[in-house]
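Trainee: So the chains spell out like this:
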Amino acid sequence: MDLALTPEQEMLKAAVRRFVQQEYPKETLLQMAATGNSCPSEPWSNLAATGWLGIAIPQDYGGEGGSLTDAGVLFEELGRGPVPGPHLSSALLGAFTVLAGGTEAQKQEWLPLLAKGERSLVLAVTEADYGWDAQDVRLVAAVDGDGYRLNGAKSYVFDGVSATHFLCAVRAEDNGHVGLVSVPANAAGVTVRSLPGFSWNLSEVKLDNVAVEKADLLGLSFESGWDAFQEAAARTTPVLTAFQVGGCQAVYEMSVEYSRTRIQFSTPIGRFQRVQDHVINLVNQLDAARWTAYEALWKLDTDRYAADAVHLAKAVGSEAYYQACNHAHEVHAGVGSMTEYGLTLHTTASRTLYHYLGDPRYHRRLLADALGL
Amino acid sequence: MDLALTPEQEMLKAAVRRFVQQEYPKETLLQMAATGNSCPSEPWSNLAATGWLGIAIPQDYGGEGGSLTDAGVLFEELGRGPVPGPHLSSALLGAFTVLAGGTEAQKQEWLPLLAKGERSLVLAVTEADYGWDAQDVRLVAAVDGDGYRLNGAKSYVFDGVSATHFLCAVRAEDNGHVGLVSVPANAAGVTVRSLPGFSWNLSEVKLDNVAVEKADLLGLSFESGWDAFQEAAARTTPVLTAFQVGGCQAVYEMSVEYSRTRIQFSTPIGRFQRVQDHVINLVNQLDAARWTAYEALWKLDTDRYAADAVHLAKAVGSEAYYQACNHAHEVHAGVGSMTEYGLTLHTTASRTLYHYLGDPRYHRRLLADALGL
Amino acid sequence: MDFEPTYTKEQENFRLEVRAWLTENVPSGIVHPPDPIDLTYEQYQLRRDLGRKLGEKGWLWPTAPVEYGGGGLSLDYSVVIEEEIDSFGMTLPPYYDSGGKLGGASILVWGSEEQKQFFLNKIFKGEVRTWQLLSEPEAGSDLANVKTTAIRDGDDYVINGQKIFVGSGLGCDYMWTITVTDTEAKRHENLGWFMIPADLPGITIQPMDLLISGGESGAGSGVKNTVFFDNVRVPAFNIVGGENQGWKVATTHLELEHGTGGRIARNWLVDRMFDYCQTTQYRGEPLAKDPEVRSKLVDIYIDAEISRLFNLRNYWMRHSGANITYEGPQASYYRKTSGLRQATAILDILGPVALTYDPELGAVEGHVEAYMRSALIALHPGGTTDIQKVIMARRIGIGREVREKAGALA
Amino acid sequence: MDFEPTYTKEQENFRLEVRAWLTENVPSGIVHPPDPIDLTYEQYQLRRDLGRKLGEKGWLWPTAPVEYGGGGLSLDYSVVIEEEIDSFGMTLPPYYDSGGKLGGASILVWGSEEQKQFFLNKIFKGEVRTWQLLSEPEAGSDLANVKTTAIRDGDDYVINGQKIFVGSGLGCDYMWTITVTDTEAKRHENLGWFMIPADLPGITIQPMDLLISGGESGAGSGVKNTVFFDNVRVPAFNIVGGENQGWKVATTHLELEHGTGGRIARNWLVDRMFDYCQTTQYRGEPLAKDPEVRSKLVDIYIDAEISRLFNLRNYWMRHSGANITYEGPQASYYRKTSGLRQATAILDILGPVALTYDPELGAVEGHVEAYMRSALIALHPGGTTDIQKVIMARRIGIGREVREKAGALA
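Protein chains in written order, with the working numbering: chain B, 1 to 373; chain L, 374 to 746; chain R, 747 to 1156; chain E, 1157 to 1566.
Among the hints, a few may not be true.
[As the list claims (entries may be wrong)] Every beta carbon over 10 Å from chain L, so not counted as near; a handful from chain B, in silico:
1) Gly131
2) Ala188
3) Asp277
[What the hints assert, rightly or not] Pairwise CB distance ranges (calculated):
4) Glu1031(R) x Glu1160(E): 42 to 50 Å
5) Ala377(L) x Glu1441(E): 34 to 42 Å
6) Phe983(R) x Glu381(L): 50 to 58 Å
7) Asp369(B) x Ser418(L): 57 to 65 Å
8) Pro943(R) x Lys1561(E): 52 to 60 Å
9) Glu400(L) x Glu1180(E): 34 to 42 Å
10) Pro25(B) x Glu1399(E): 19 to 27 Å
By construction, these hints were calculated from the structure, which means they are not laboratory data. Computed from a predicted structure; not experimentally measured. For each residue, glycine too, the CB sits at the ideal point set by N, CA and C.
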């Protein structure tokens, strides 16, 4: 038994933290949030240059061939920002999907580019009737000569604005089967619009009679794509929860610092038991998210049965990041609502990540299944 | 709009409070809880002598003909004890059931006796598969000459030990219909045993080939009994929640007093915000239970649509009494766990009343129906 | 007990009169956008006009004394007006007027006869819109720690300092503000309240950049501002309650802000959510039929009912002169915390649909998205949830030696 | 990272050896009744015998130093033993021994060499069962407020006072207790710890009448007692850490009591509840298939997993010498509060079935009924939930100027 990170992981952790502090200071993050433009950008190019995006992509395909726990360490630090994508959505989920279901040619074509961040391949699965199950896929793929014509819309696509390509879940018009097709973001008939509101990098992708070729289909059979996505999602989810852990860690440190330095009634507010309790609730959420996330990563890395641990981690992690931000707002009161302070960057991210790759309701249901209930 | 009690109700409230303090002091309640014998007893005879048991029974049938709100005021004060039955179970639920479904003869026979407490007629509805719906009734009534033979068992019968008669929900062997039959507690084949554990006056009633006559059937038709029980339960439930309100009020006052007088770290513990928060959580539960209960009583008294209010009141009241006791234990810590202190009388009662006439899950479901969801 | 106003024939006729009048006088296009930050100048003017008309009839502040421009109506008549205006999706006044609501009530208790005549008539007739100015960078929960100074100079006071989280969009006529009137005196004995004309030289208003303003009523008050006072000269007539008497006045002000006013308005968001879930199809059946959704809608309903009853009780206690202790902050605390619970339940029910006001995808014309932000930020204005509990404990009598009294209300 | 002990070939063989030994040496009829208050004298003796046998092999306190009668085994070997004994539904030691667990650890840090030799061998070999004596009527959360006195008189100390919530049923051999050793000295500088033979004249043990004893592990420790000391003479040899040094010793004692010890045991109640709900039919289908029950079982599971991971982390931190701060009280706080949440969920799932240990009707041989009581009462022993949070805040560094250090552990 050893719950410590390896020396290499500790070094990586420190390097990423320095990088994020340097390349993604609060001002940069606030400005990216305000404009919605985080990629392409200079910090993004520098991130891509580190090679970290390919951390979990096999070396044969231009990646670093690290473990999922390594990826967890990386993304926990990115979550402290929170650093906007498309990193997890493309270099992890996109790459894992290609790796799991793509032909050798597709792997050769995509993985090196995704590892270097030269392309971003973002999964477009959910639609207006929000849901992550195959039955919720309605986007129609109609056979047209050697290829397909796509008609429909994908809603709440995370990192959609910064994607160069989409990997769209589509339903075959003829037999109703579900598969994945890659579509360039700049293809004719594709329009991407960012969704306004209390959300983080969510957008809608409309496909109006978009032509794709058979070769754009992921894998050899039409159906192979969906299974690949399922497998990739299971491997990506606990890394996403590590990102949420990083967010919890950041708002925890903010809250401890504020409660030590903010003076009211002539004393640091951290002396008041009610303020302490907000911080304690926060750290309990943080640690619950941390250890469920890393146990799930460990189970996957060691090829143990991990379904229960993965669903547990996302159910706990989503709840934790959401509530951690709420507790942080209780500690900061009015100051926390000021955009310039930076807390709302996390508050906003926590809401969107609450649902990304499935919300607590979804994962609790799957957890019950995994437990044989 | 006037949320105050009437002068008459204020007088009743004061009189009942004095009576309970005098006749049911803590020592008496502890001893009744230890032995399980609360009726017959001298305090019980004195309670019956006040005539209060018949508060909601029409004057034509020997009662006081008061409103349900009057009954709420009475039972809130009894709940402060908590004073053991069979009051609500017999003089209210039993009487209301006879009133709603009994023949004129049955009303003439039963109601005056129940009003005076000379008999107690306790509903025996639930069985080993705990549930308050007709489908959960299995106790078999087989036609036998002019009457029936009853075989089966009733579990978790509240006030069963102190009942002189049971009004049993039975299922007709021939057509499967459900009805109510009255059975003397001392009839041949009836055995009553008190259920040991963390429960308040719960018992099991076994009926082994018990013979009853057609006249023992409530109402003219076999089916009339169950509908009568439904109607009576709806009228009794908010009075039961008023009893729970009284329990919350008692543990609230205990907790305020203890937090003002218990000294630790050289200061009254009520100065600590965490202790204050337990008391605040408690008073929030108390007031939520109080106002939902009395609004439901008011709606019933004024013949308004009350289904939603009744289910709301029991869902809130059960939760409130249960949690109020938990908060009180947090305030009292170890002292609260000492039987002699008296808090555990309420803790135990709160657990049993949590389920009596339906638990929060049950009433939340019916509330959703009442709201058209 | 009676949980509803009982209406006489006269009152029922009055209701018809009010309804007819509102139907005639409430212009189209006045309706409140999800986030009032989007309230247009035109909409605001329509609301001010309506306010003035209501003021003329004495319906803007129905229970306020006639001699100061109020309606002088009894509780049951005022309830009729509030219910009718509520059915038009508005409140009294039909615009953000924190300083009128809280400053007006404070002046009723602490103002001189001249001040009552001068200020209350303007407020109760709807001639002016007033903001309250409390918080400062160093004075959030600790209001007594304000640093803004008002120093006597001849017949005037000269005011310097900075206030934050002030008001709304589109300006105001008066500012109801607390300042230090004696920089030497000790805590709680050094304060003074002023009713300040907003157009005095030296006053600068600067909008703040916030997640949302988070007023307690739904989507809040829209814009919040930082207000700077740079040697602003205010006539001594405008100090209310006297120099260094400010804390006394504050108790009245805070009492109302802490929820003792009570409310009878329904919770529109709950109705809207129920309606949305019953009419929105998901996987071929109404969303409301999903067992988990059903259960969460019941959670939302129960919290709303308890909050409604707490506010109703306070409304009755206030107007019947009952002895109020912890009930004000209790209602405020419950409204704040249950509001966030409800937002969480809605997020669970709707998913990311709840996070956008996109016209094609957002729910309930964007009201839900605004609520996701305001339910969180509403935890703090008017006393944080922690402060509400501090006051509750004192009023219950466990926080201090002596049980604290509630602030005086007219 | 590695969340499981990795076993060498030797360790796997060791597991087989332990399992075989236990199979041979764990007698039937030793199994723990739902509420240990029902533990019979015979069962207790069987457990003590087993303890002595385990002690001989060094398996009773596997990681304790060999020179004092411990097993001197590494973490991974001790985990093997704990897992195996756990699979027999027991813990180490197989009986209530609070004074051994906490007193032993304290003596390891603060005892003299002679004291270690004398006391630890008895404890680690299982020759004695020891109770801890902390609380008094005036000293609950405020342990430093104890009134029991130990006054030096020649070569002895004379002890007078009263301790409550002590021990279990069926007596003990030693009492590990904190007293005032200087009635003049100031708070925290006036205390001393004693290891007292239970058979000294002047000691009276009187059972308390409680809802349940509420030890944290399931149904708790059974009986709790009031212990009276009436001029009990204890040799000076028995004071540990020295006169007036008691608070220093207490930090070690409390550190362990506050959960820093960590645990690796599974939560049997969760397994039993899952099994019960999957095998019990309700209205024609397994109880576990009801959507609400399913959801509540998931709640129970999630809380149990988080608690398991907190305890696992602490177990690892303690044995790997990591720098522990708030983690001990955090695990204790979470275990206590989640335990009550789980009890509530169980009450919702089972109804009154959960409230009786009636052999015909009760669930899981009455374990559920006992848990309904113990989950509530377990909030308080070993530091209330409030106290756990007080310590967490200090360790996080927001409660005081300086961040508090964790108590010393061997």
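Trainee: Now tell me, hint by hint, if it's right for this structure.
Mentor: Here is what the structure says about each hint:
Residue-level check passed: Gly131(B) sits 21 Å from the nearest beta carbon of chain L, beyond 10 Å. Listed as a non-interface residue, Ala188(B) keeps its Cβ farther than 10 Å from every Cβ of chain L; the least gap is roughly 46 Å. Here Asp277(B) does not stay apart from chain L, with its beta-carbon only about 7 Å from theirs, under the 10 Å limit. Restraint check, Glu1031(R) to Glu1160(E): a C-beta distance of roughly 45 Å satisfies the suggested window 42 to 50 Å.
A beta carbon spacing of about 50 Å between Ala377(L) and Glu1441(E) contradicts the range 34 to 42 Å that was offered as a hint. Range check, Phe983(R) to Glu381(L): about 53 Å between beta-carbon atoms, so the 50 to 58 Å window is met. A C-beta distance of roughly 59 Å is found between Asp369(B) and Ser418(L), which places it inside the suggested range of 57 to 65 Å. Against the hinted window of 52 to 60 Å, the Cβ-Cβ separation of Pro943(R) and Lys1561(E) comes to about 59 Å, which satisfies the hint.
Taking 34 to 42 Å as the suggested C-beta distance range, the pair Glu400(L) and Glu1180(E) does not conform, at roughly 53 Å. Separation of Pro25(B) from Glu1399(E) is about 57 Å and departs from the stated range, judged on CB atoms against 19 to 27 Å.
The structure fails to meet hints 3, 5, 9, 10 from the earlier list, while all remaining hints are met.
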